[in-house]
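Q: So the sequence lines, in the order shown, correspond to chains A and B.
Here the first sequence is numbered in our numbering, starting from 787 and rising by one per residue.
Here the second sequence is numbered in our numbering, starting from 787 and rising by one per residue.
In case anyone wonders, no lab produced these hints; they're calculated from the structure.
No false leads were mixed into what you were given.
All copies of an identical chain are treated as equivalent in the list; a pair is satisfied when it fits inside any one copy or across any two copies.
List of simulated lysine to aspartate or glutamate pairs, EDC-like, C-alpha gap at most 20 Å:
#1 K932 to D803
#2 K932 to E797
#3 K805 to E1014
There are 2 protein chains.
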Amino acid sequence: MRKVEVCLSPELIHLFDLKGKIVVVTDILRATSCMTTALAHGVKSIIPVASLDECRALGKQGYVTAAERDGKKEEGFDLGNSPLSYMDPTLIGKTVAVTTTNGTQAIVKSAAAHEILIGSFLNLDAICNYLLSQFQDVVIVCSGWKGHSNMEDTLFAGAVGVVLRNNGYLSQQDSTDMAIYLYILAEKNLEAFLANCSHARRLQNLDITDDIAFCLTLNKYDVVPVMENGKLVSKQKVVV
Amino acid sequence: MRKVEVCLSPELIHLFDLKGKIVVVTDILRATSCMTTALAHGVKSIIPVASLDECRALGKQGYVTAAERDGKKEEGFDLGNSPLSYMDPTLIGKTVAVTTTNGTQAIVKSAAAHEILIGSFLNLDAICNYLLSQFQDVVIVCSGWKGHSNMEDTLFAGAVGVVLRNNGYLSQQDSTDMAIYLYILAEKNLEAFLANCSHARRLQNLDITDDIAFCLTLNKYDVVPVMENGKLVSKQKVVV
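Full structure from sequences and hints, please.
A: So, in structure tokens, the structure goes:
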């Protein structure tokens, strides 16, 4: 029987044996929502890197660059971390090098996995359908905020967890149960639920409320971003 | 304004600045429930140590010893990790050296705090009343299970979090909000709620269902266990 686990913070990833498993990395506000949006709007591929320096170096090689730290766009890069900015038609067919405070770090730390997918509410069903079509155990890695768990990533983990559990996957850790219970509480109105949480309140102060509303939209895109040879690309759609 | 934070696993404790704060360590099943019970039933003090060797060495110095690993009593020690065993009248006035899989490790890792308290459902109100009588920020450290978060410690953190938040403490991390929401879901019937969770299901296989029911009893004891010079003792009752 397949298993599903939830890793509540990249700082806990060493506790999980990722070998042979599919990891779904999520950073709802906003890195993985950006990546989903970018690939859905025709960006060819995305190179997630941990440091600003690596991102800058790729910029010199001609790649489009995107960099965010502490919720804000870094100076000297083409893009920040707003999903709306990835709808720009001039990005179609391009490769974007991306570094963010949390999300890209979680991707880098998941390297031992059989396969790394990028999940967000924007492609929730696409991710779940792909997972169900495979025969691997699943670990959902929440990017959190500087090592701390956050609510929105946990809720996404819960949303995936509900679907997998309803399809017979075993929950292996209480963190999975925690995420599922929280999602069931929140799912009727994600935005209102998150408005009461500490981290989203901090983000609202950054004047990105349009981004937040967009990132909490369910199933806008039917893409499955997957890491292949160090780049995120859109996986060919798999029919279950 | 005072703040309350929840650390969901001892593996995340380095993210918290404990200086000047009161840490409440919890390991509901069963280390901190044992410690609460022991002090309430007349044990003079408890020495929490991280390793079996340290515990054994203290045994040679004449202390009563208690050791648990993976939920089971270790051979060659006087006691295991059942709270019921601490009701033994022959333990009155004695000092017990204790090592457990998770709880004592969390205590050792919290050394930087202004003060370390031991919390369980058995002394929930006593802990909350003491915290409210102080002027320090609070960090609730969940011991979890081998680095993973578990539901019962998170629920206790939520129970304390609800009381502190209702008394004007600010929640500083989403982990606090997560714990509070989960506790509100669970509080009507903690035992039934936990029966559905992965970790408690595993513990039930160890044939400790009486212990579990006991550890989920609210406010049986009015003691506030506090670390003083490397030993846990019962704090004099403070009237708010």
